[in-house]
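Undergrad: Chains as they are written, first to last, in numbering that gives the first Met the number 0: chain A, 0 to 355; chain B, 0 to 355.
One should not assume that every hint holds.
Here are the in silico distance ranges between beta carbons for each label pair [unchecked claim]: (1) 269/B with 215/A: 42 to 50 Å; (2) 251/A with 349/B: 52 to 60 Å; (3) 9/B with 27/A: 30 to 38 Å; (4) 284/A with 228/B: 25 to 33 Å.
These are calculated hints, taken from the structure and not from any lab test.
No residue lacks a Cβ here, since even glycine has one placed at the ideal position from N, Cα and C.
Here is how the chains run, residue by residue.
Number of protein chains: 2
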Amino acid sequence: MSLSSTKSISVQKVEKSRIGQVDFDNLTFGATFSDHMFECDYKDGEWQNPTIKPYGNISISPAAKVFHYGQAVFEGMKAYKDDNGKIWLFRPEQNFLRINKSSKRMAIPEFPREIFFEALEQLVKLDKEWVRPGMGNSLYIRPFAMASQVGVSASPSTEYKFMILMSPAQAYYTGDVRVEIAEHYSRSANGGVGAAKAAGNYGAQFYPTNLAREKGFQQVIWTDASDHKYLEEAGTMNVFFRVNDTLLTAPISDRILDGVTRKSIIALAKNDNIKVEERPVLVSEIVEAAKNGSLKEIFGAGTAAVISPVSAFSYKDTVYEIDKQEDSYAAQFKKELLDIQYNRSEDPFNWRYEII
Amino acid sequence: MSLSSTKSISVQKVEKSRIGQVDFDNLTFGATFSDHMFECDYKDGEWQNPTIKPYGNISISPAAKVFHYGQAVFEGMKAYKDDNGKIWLFRPEQNFLRINKSSKRMAIPEFPREIFFEALEQLVKLDKEWVRPGMGNSLYIRPFAMASQVGVSASPSTEYKFMILMSPAQAYYTGDVRVEIAEHYSRSANGGVGAAKAAGNYGAQFYPTNLAREKGFQQVIWTDASDHKYLEEAGTMNVFFRVNDTLLTAPISDRILDGVTRKSIIALAKNDNIKVEERPVLVSEIVEAAKNGSLKEIFGAGTAAVISPVSAFSYKDTVYEIDKQEDSYAAQFKKELLDIQYNRSEDPFNWRYEII
């Protein structure tokens, strides 16, 4: 992979790394950033001046459209270090395709493939010491694009910034989570932007999630906005239900994010001869399954948390506890995923992407 | 109105005004900013350091949550100069109440009333020369709040910025607009954030609006996300329909913005003995009214555009032209509103707010 000379990435290295100041055993997710970041501007109809530079503040107009109209999209990825010190990404092609899909829905110009991959490779190589060895450790990678044109009129920006930040991470969630099934609030509309990783989708969840937290639940399971009959996503993750030995999850639609972890789990399940049904999942069937004992597991799936088992859910003020499962699918898929991500197993699907 | 000493606004004035460089007869809406802006930070659980300073870039981390999670809200207001050089705002209390309502939905801490009004007054007084006389001229005022905490984890920010920018404006739209009634895309969901002036609501409209523009329509009339049966908003405005001599508009809900211009028009209409129905408006009844000739007018209503008459709408690939109305309601309400805003008439509702 090479870049034409006009698009080659200029690199400004830090004078002194900050890595010595970081306590890698006590990281808050997404709060610490590696030495370098990537920045590229869209102006005059093209992406230009791709630059790797020291992580730090940007100077931007308070009238930049991102602050006013939320024209912004992002991705979440991770770099993993294996036991031999080699560094891998996991299915970065999926993130590349998805950020451009998200951008299209948000009227943001698509980002060029070669700059995306070249930036990722150079950035991770430069900050390779920030990818710590050991299962569960990773370097979380956050590409994002946002509207930078000055102007408080509600129309698409003519200028954008595409940036990549990197943040060393341990596990995202600790322990099992208790969730509340949404009966009033919703995450996305038919014909809306729920399938995009659009910034505004996330901020819109904070208030309903706070309300759930006040009642003792860590996350909300979102239901369809029309009737709250169908189960859609869990917090910021896709959600799976195991009823007896069948795995259920909502189908991709313009309300559901096409999650990389979600599609990987579906592939693993099929490979493991586990029956998977991608179809609308009724709240009522899951409540019924909880009552009759056939509901074995619920878990969220996403890059940050990998797999997040749900230990209880609340619906119409009744709490349904889910017994811990011996040989749970959640644990099985998590192990299979991590083994592939950390190069501890074969990679039958060709998901690993070697950086160094 | 006075501020306690701990909250008093510090003022840093520009050394030299930029006003001489501005061509007030050729303004692009929202692209030129006055000399000063207001900035206040939320940290450690309180709004602090309210400051008026020269308009200019801010230094902010690219990991600030606003860029990633769209946790941001805004308002739109205008200052008007009357024929005697006095400056007025229009119903600023409504904007104050609404930005805090929007903030609550977006899990942003509410902003204190006394700082809001003190900031507005001081800022407009300081930049009073930027409020140009003459009907249609105004100083557009953009208060907004956004998440400034550094961190790429999807949870509410612990730090925010509240800012006020001001931009000299002429009329927002010129001429009548042709609109397309949405049949696939949507603006907001039940239980979503459509009633908030949340940043992400606007960016989400750009792509469907672009598609409409490619077909020759300037705006989209949004319909309900569930069935696209009901007419909700027009572009970034509330929308009114005149059928015979009755005015119809969608009722306020968690999908519909509680517009200041909207509620002012309803008050004016009632005062003028015009029948107003705030109720769900069916697409089918408006199409039928267009066919049988009882549809007299459609117009959008919002602070930026005031009133924006619609000259035609498209539904299911049929275009319905709306004949220009003698003595139109749109023109009548626009005149009544402008006369109040520019202090050319009595103010029976006590809507004007004197600045200087």
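Undergrad: For each hint given before, does the structure comply? Return the numbers of the non-compliant ones in rising order.
TA: none
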